[in-house]
Amino acid sequence: MLVEKVLLVCGLLSTITIALIFIFLFKEGFKAFSDAGITEFLYSVTQQTQYNPATDEIEVTGESIGFVWQPAGTPPRLSILPLLWGSFGVAFLAAIISTLAGIAIGIFLSEMATRRVRDLVKPALELLVGIPTVVIGFFMLAVLARPIRESAGFLGLDGIYRDTYNMMVGALGVSIVIIPVIASLVDDALRAVPKDLRAASLGVGATRWQTTWRVVLPAGVSGVVAAVVLGFGRAFGETMIVLMCAGNAPQMSMNPFEGVRTMTASIAAEMGTAAQGSTWQHTLFLLGAILVSISFVLNLTVEVIANRYRKRIRL
Amino acid sequence: MTEKSKDAVQSGKEYVQIRNLNVFYNHDKQALHDVTLSVDRNKVLALIGPSGCGKSTLIKAVNRILDLIPETRIEGDIRVGGETVLGPQIDMTELRQRVGMVFQRPNPFPQTIYDNVAYGLRIHGVRDRGTLDEIVEWALRNSALWEEVKDRLKASAMDLSGGQQQRLCIARALAVQPDVLLMDEPCSALDPIATGKIEELIQALKKDYTILIVTHNMQQAARVSNYTALMWLGKLIEHGKTKDFFTNPKEKITEDYITGRSG
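Chains as they are written, first to last, in the numbering used here: chain A, 1 to 315; chain R, 1 to 263.
Pulled out of the complex, with its shape left as it was, chain A reads as follows:
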């Protein structure tokens, strides 16, 4: 059958594309290791020098270690740790915020909302997911960043609020996209819990709340966890929002109110500048390979969890 063959090719096309992306990223990324030693991607060594008037020479007085991403500097500093820090920091903060909010909204939609409220809220959430992230980034940058700074001031955080555009603002921006994703998936997961189980719980005298906490959530926990992991993956790969409003400063600080730059933002911002075939470019590919590996692992996790979910829910 011709149709079958065409469909088969279409199906294989996506698999082939993924395979090619993997091969290409890793091939280009690993070139970075032949350009420079592996330690250079972790830290950079800076020599401390001093001019000695007696000999009229610059003498090396010591060395210091730094985690600096300055690929265009002389010599180039290629520590990817600040970028990893930025990515993980934003993703973790966003994951915490959106997990709490997303699960709360998901429970509300599935267990409490009347049909009318649901019919209003659910499409709105799905619409929110569809907004181009560049618009959300712009919105955060131009509209919300300052009010957020001011409200942090009200909370007495002025002292540590270093940058207007920082990890927290980035994480909040990313949360705007992730919360609806998690809420929608949690809603689906909880609604997949058979109605019979709710009836059984209510039937022995449990309240709606007890039923939600003790029966529905535990029965749907795999789906909820899968939703959170998927949300985390989404947060990790998010580019435009963090590029625009997380400060875009490759630095490592425990303070969430300082600017950061993520791996994704680095690739997007620097790909055009890095010379073809340069160590810089290879390093950006290396970042890409790391990102793909992480999202691969996260997706695998979701798949494993979802499989367990299917087994558990069989009745």
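Read the hints as simulated data drawn from the structure, not as lab findings. Warning: the hint list may mix true and false statements.
[Stated by the list, open to error] Here are the computed lysine-lysine pairs in the DSBU-like style, where the Cα-Cα straight-line distance is at most 35 Å:
(1) A:K195 - R:K154
(2) R:K13 - R:K235
(3) A:K195 - R:K29
(4) R:K29 - A:K122
(5) A:K195 - R:K235
(6) R:K13 - R:K154
(7) A:K195 - R:K150
(8) R:K43 - R:K29
(9) A:K195 - R:K207
(10) A:K195 - R:K206
(11) A:K195 - R:K197
(12) R:K250 - A:K195
The hints should help you fit chain R onto chain A, whose structure is shown.
Using the frame of chain A, we list chain R on its own:
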């Protein structure tokens, strides 16, 4: 409560009373028309009738699980042990503790066997391990499941067979010590052997419980019940002692239905 009805409760006469019950779905679709019937204490009433005749609706009204369906209206009166169960001021937790329910398809929680039975107790605040153990064993013995699961109480309830799951659900209902049991076609998803076990169980349970059972199976109604009622299009057609009901039906519809000429 009048003196007369107090006496009735004490003697166990008309322990579950349903009077002029009307149930409406979606505001105007009437599922039950003016149903009046009662069951004495520790007796079994079987409700038979074709699909959609309102027999499930009727028993679901008794523990108000019907409230879960939005836009449902119940009119009339239902009394269990002399106390009304209708109205907004009813404590559902207490009512559903007194009136247990077993559903059409076995619906154990995806938890351990032990946790399934202990669920209702924990909901009602029982924390003491010894008490829990004791009641769990008691409930499993009373649902004729103890011998089969006593060595694997911590195993998942999902690993049990359908019939065992249904007996587990009965144990879960018994654990909170109800005195009325509602059974909504409890055997419809089970094979004949598992069905036989449930029927034996019902025979044993009627010593201590007042049971309302919905069934599609007329032989089953004849085997397990003291009283049988036929529902038809939301109306109660006939209701009486099971023996008389099947051997000497008063209504033409009943006769046609039990002889298989209609329904």
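For each hint, the structure was consulted:
Simply put, K195 of chain A and K154 of chain R have alpha-carbon atoms about 25 Å apart, close enough for the 35 Å limit, and the pair holds. This hinted pair checks out: K13 of chain R and K235 of chain R have alpha carbons roughly 23 Å apart, not beyond 35 Å. Straight-line distance between C-alpha atoms of K195 of chain A and K29 of chain R comes to about 23 Å, which keeps the hinted pair within the 35 Å bound. Simply put, K29 of chain R and K122 of chain A have alpha-carbon atoms about 29 Å apart, close enough for the 35 Å limit, and the pair holds.
Between K195 of chain A and K235 of chain R the CA atoms are separated by roughly 28 Å; this keeps the pair inside 35 Å, and the hint holds. Between K13 of chain R and K154 of chain R the alpha-carbon distance is near 42 Å, which puts this suggested pair outside the 35 Å criterion. Restraint check for K195 of chain A and K150 of chain R: satisfied, since their Cα atoms lie roughly 29 Å apart, inside the 35 Å limit. Distance restraint check for K43 of chain R and K29 of chain R: the Cα-Cα separation of roughly 32 Å lies within the 35 Å cut-off, and the hinted pair is therefore satisfied.
Taking the CA atoms of K195 of chain A and K207 of chain R, the gap is about 32 Å. The hint holds against a cut of 35 Å. Of the pairs offered as hints, the one joining K195 of chain A and K206 of chain R holds, with about 29 Å between alpha carbons and a cut-off of 35 Å not exceeded. Taking the CA atoms of K195 of chain A and K197 of chain R, the gap is near 26 Å; set against the 35 Å cutoff, the hint holds. For the hint linking K250 of chain R to K195 of chain A, the alpha-carbon distance of about 39 Å lies beyond 35 Å, and the restraint is violated.
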